[in-house]
Structures are given as structure tokens and as C-alpha cells.
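Novice: Here the structure of chain A is known, so what remains is to put chain B in place on it, guided by the hints.
Number of protein chains: 2
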Amino acid sequence: MPRNQQIVLDNRPHGEAVASNFKLVVADTPELKDGEVLVRHHFLSLDPYMRGRMNESKSYAASQALGEVMIGGTVGEVAESKHPKYAVGDKVVGMGGWQEYSVVNAEQPGALRKVDTTHVPLSHYLGAVGMPGVTAWYGLVKIIAPKAGDTVVVSAATGAVGSAFAALAKARGCRAVGIAGGADKCKYAVDELGFDACIDYKQHSDVKAMSKALKEACPNGIDGYFENVGGWIMDAVMLRMNAFSRIALCGMIAGYDGAPLPMANPALMLINRMKVEGFIVSEHMEVWPEALKELGTLVGTGKLRPRETIAHGIAAAPEAFLGLLKGKNFGKQLVKLI
Amino acid sequence: MPRNQQIVLDNRPHGEAVASNFKLVVADTPELKDGEVLVRHHFLSLDPYMRGRMNESKSYAASQALGEVMIGGTVGEVAESKHPKYAVGDKVVGMGGWQEYSVVNAEQPGALRKVDTTHVPLSHYLGAVGMPGVTAWYGLVKIIAPKAGDTVVVSAATGAVGSAFAALAKARGCRAVGIAGGADKCKYAVDELGFDACIDYKQHSDVKAMSKALKEACPNGIDGYFENVGGWIMDAVMLRMNAFSRIALCGMIAGYDGAPLPMANPALMLINRMKVEGFIVSEHMEVWPEALKELGTLVGTGKLRPRETIAHGIAAAPEAFLGLLKGKNFGKQLVKLI
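Just so you know, the protein sequences line up as chains A and B, in that order.
The first sequence begins at 7 in my numbering and counts up by one.
The second sequence begins at 7 in my numbering and counts up by one.
So here's chain A without its partners, still in its complex pose (with noise of 0.2 Å):
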């Protein structure tokens, strides 16, 4: 049987995640049963909700338990089979985790579904169409629920999720503006991924500056915010929200590394007849079919072309993963593993 390198959970962090957290061991891959398949992982997606994991407190999942091996999206190669609807070279996506190889009972439903990479690589499974891909549709569809001509903000919008709600607001008429952290990311927004504008948060870096660079850029004021990150920035774009419009909240990466962050006025939601809403969208399984479909034509058609930043082998999952953290990737954050 192989072997299979694996990053595992080792200890959790106090305040802000180091690599130390993790370590690298070494296992065979157990022979397979009935019905389990052999996947040899191509890229491991890396995604902010993982640090949420890593904590012993409540989060709105599951902690990670220490000494297994860290959970994340995978897509990969079917390598060996004991499943009649699985063969071998057949393209997979699943939840292998920071690992080369993975045993996936392919009875469990849900565990793997295999994809056509004929119009779509392989990688863009794990972020445009894929979990990401998903999550901005919701986000948008489902909770701001926009009409043609609305005005709607992301937070990391040149991220695997901000990259897909630009295109999906587009293709719903929207006004559709950018947050980002640099000048190269917000000219990356606005010139490949559709942004009509896209504000630098370096640049603009409090609440009045950002709140200014809201007004320019958003002159009808905002109706539908996805938050991504939380904070200060999401008091700024707050000021600027219309009557009745709706942010979908959906990740608070600022958050994260320790102290709650507060909302400075939450009056506003009170004042403009807001709805806010959290949402994580493994609970929202029925919509994936629906969201899947529309981003996959996207991709297909070249409406959608998302930046992938890659970090190669597993060893580098660890900084990789730290370095999103920071905002230091641009684009999708994958490793590839062969």
C-alpha cells in the first residue's frame, strides 16, 4: 500500500495559529473493504472556517480532534477500488483532509461525487465550483436576494468566494463592489474579475476613510453586504447600508485569533430595517445542485476565471494555510500534492 504523508492537529492554538500547531507523520493506507475507494489527493483546498476548527470553543462546527489528521475538500484520482460505481482514474472530490491519500467509504452518501473536468480543471472543484462557489451563491441568492440595478459589497473579493459572487451579481444586473487588501488585488478585481469597483483596505484603513471610499464607490448607497471578514471594515460598510437591505454573514476571519470583535453600532440594524443572517452552507445541501450547475457554466463559458495560489506538497500545507490567514494568498488557496 502506499504511503501517505499526513498533517495532523498536534496542539491548539492560544491567540493567533502557528505552524507548531501542526505536525507531519508518516502511515500506510489500510487495505481497502467493500465499498471503500483508494483516492490519491491532486490538491488540498485551504479555507478560513479550518481555524474555527482548531479551537477547543464553540464554534458553529465540530472541533478538530488532536492527533487526526486536519479535515478539508480534496479532489483526486480514484487510485484503487472496491466500489462497482467507482474505477480507477475516475476524477473524485471529498472531504480527504491534509493528507496524500484518503479511504473514503463511497456508501456513505455524500462522501464523494465524481466531476467532469472536460470544460472545468480539476482544482476549480475545490473553490469556483466547488464549496466557495456555493457559498457565495447562497450568500447572495438566498439571503441578499438582490434585483437588477441593487448595489452589493464583498469583503475578500478576490478570494475563492468574493471571485464567485462577483460573477454571480453580475449575471443578476447588480452593481457588484470589491473590498481587498492591496492595489494589485483590487486591480485584478476590477479588470479580470468583473468588480465594477474595488476598494484597498490598506488604503482606506478606519472606519471613516473605508465609510468615505464606500460612498464614492457605492453612490446608491449598499442593499446586500457578504461579510467575509468582520470588524472594523464591516462597521464601515454598515453606514453606508440602504433601508431594508441584507448582509449575509459568513466569516468573521478577523475574529478568529482570540478577543470577540464588537459591532460599533448595532443600532443601524435597528435604523435601516436590516436583515443580517449567518449561514454556513454544509447545512444548506439542497441548493448545491442549483448553485453547482450555474457556476460550472460560468467557469465553462470563461465568465468566471478564478486566480489560484498554489503551495506544492503537503509539508507546505501548514504555512500556506497561515499565510490565508493573513490575506498573503491571492485567489484560491490550494496545495498540490502531485
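There could be a bad hint or two in this list.
Since the list gives no way to pick out one identical chain from another, each pair is judged satisfied if it fits inside one copy or across any two copies.
Stated by the list, open to error - With a Cα cut of at most 25 Å, we get these calculated DMTMM-like pairs of lysine to aspartate or glutamate:
1) Lys218 - Asp202
2) Lys334 - Asp34
3) Lys39 - Asp16
4) Lys193 - Glu37
5) Lys334 - Glu42
6) Lys221 - Asp202
7) Lys91 - Asp122
8) Lys214 - Glu325
9) Lys148 - Glu292
10) Lys214 - Glu62
11) Lys153 - Glu292
12) Lys39 - Asp206
13) Lys221 - Glu62
14) Lys218 - Glu314
15) Lys97 - Glu325
16) Lys218 - Glu62
17) Lys153 - Asp34
18) Lys120 - Asp40
19) Lys148 - Glu289
20) Lys299 - Asp212
No lab work stands behind these hints, which were simulated from the structure alone.
Specialist: Below, chain B without anything else, positioned relative to chain A:
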């Protein structure tokens, strides 16, 4: 024409509202034109939203103009009529403002509504069977949307909104828990209003103590919260909210007087996939008939027996209003005018 004592807004508050913001003036009531009705007010309603109208700053409604009669709900009796649908002696509810008489253009839709005082005392059309009752109904039925067995919590529990909330929640098979200030109010909430429990915030006067008291009163957590106050009480409630819980945001009375009150841990909205929605009941006129019908039946059958605090004479309105903002009232605050 009768002499009409009025309270006008003389100047805007800086920080806390004070009696000298108001001025008592006397005017003659004008001659009626065709289609107009002269109403003699029996009761004036005092409500927390009026504080927001006193500010120049952006609120969910237009500012009250200086030098004009303070707005407010009124019930009374038709004293003269030049409208075929209204006869002298008819009991009516309207927005007559802080004055003894008002001249109403009865052609204007919604300006005046005849009410039946056979089973419901006239004053209750300003409370349980009026705007505050419909406010409770909308927040509970349309935003919290509880199922039987859910635990729902309301702050300012013995006020006009809280009282109606309890009756409506019990009618839906919920566990209803109130938050109020003082042992007498809490006893009344449980003994008379039907709350299953009521927490005295004066006895649990910080987030930690309130959160502990809520844990005891809500052993299955909180599924829905109707917010009338904001600030630290909301922070404490949020610590006990269940996954997929809902907050109907109706009042932020604690924040009206100056600096915005922050929300300590907005990430809880994400962690618990909550929905938080601000609303103002006058923007949802479509629900009023259904809501008023249920509320009228609850009052008529004795299932909702709201308490009133009554000030006497229009000159007493400013002090009664300032007392309301400090929670000195016990139940619906009214001013009796004849």
C-alpha cells in the same frame, strides 16, 4: 371653537431628553372643511419611538419638526364632523399628537379608524390592540416565527409590547421568558401576563449575571428574542441563543440618548447561524387586520390583561414621557385628557 392645549417640540435634546425640550402652547381649533373631523382626544399614547423623532440625526423615521405638535397615537371621540362616515360620538383611533383636539382629514386612508368599545376598553386601542400589540405580533409571528415548544424572550417585558408578546407566545405553545426591571414587575409578568419566568435585570446587572440567569430560565436555550432595549442585555441574551435562532430588533432605547452602544460579540450571529432583523411596524400595514383581530380576541376573552400607567392632563405628558424612557412606567404609558 374649543381651546386646544398642545405640546410642541421647542428644541432638540443634547444627550438625555429633558422637560425643557417641550413647550405647552394654546391654540384655537380651526373651522372644519368638508371631509374633516374634529376629534376630542381621551388618551394620548407615549411610546419609546418618540425619542428617536426628537433627534435631528438619521433615524428610521423623519425628525419631528421644531415648533410643531409632537406626534403620537390618540384615541377619542368625534366632536364635530364634516365627513359622512363619521358622526359625533364615534370612538376613533388616530395619530392626533400631543394635544387635546385634532382636526383630521378623514379622506386620507388610515388617518382615522372607528373602534368598538363593547369588549375592549378605548385606551387599549393605543396598547394591546393598537400599535404596540401589532409590533409584538409582527416580531413574534413574522420574524421569530416560533414553533410550539420554542423558548422566546422579550425585554421590557411588562410594557405594552412585552405584555402582548407574552399572550401571543403562550397562544403558540412557546415558553415565554421576560426581562424587566424590578421584583414587582417580574412578579406581575409571571402572575398576570402569563410569562413562564421573568428575570429582574436590576438583580442581574451585568452580562455574566444576566447570562447565568437566562441559562436557568431557559434550560433549552433561546430560539427567539424580541429586542426592545439593546446594549448589555442583548449581549447577555446572545450568549444563550440557539443555532438558527431569530432576533426581532424593535427598540434600542438604551442607545437613544447619545453614543451608539456596541454589540460585544457579533460573531455569535455567524457561529449560531442567527437571523437578526430590524423592523418598524408602520411599514407592514398589511398585517394589521390579522394582528388586531387576534389581539382583540385575546383582550376580549381576558387572556391578555394589560396594565396601564396613566398621567393626567396634557401638561403632564413631558414628565410621563421622560419617565417612560427610564422605565418608570408599569405597563402601557398613557396620558388621560378628559
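Novice: Which of the listed hints are broken here?
Specialist: Checked against the structure, the hints that fail are numbers 2, 3, 4, 5, 8, 12, 14, 15, 17 and 20, while the rest are satisfied.
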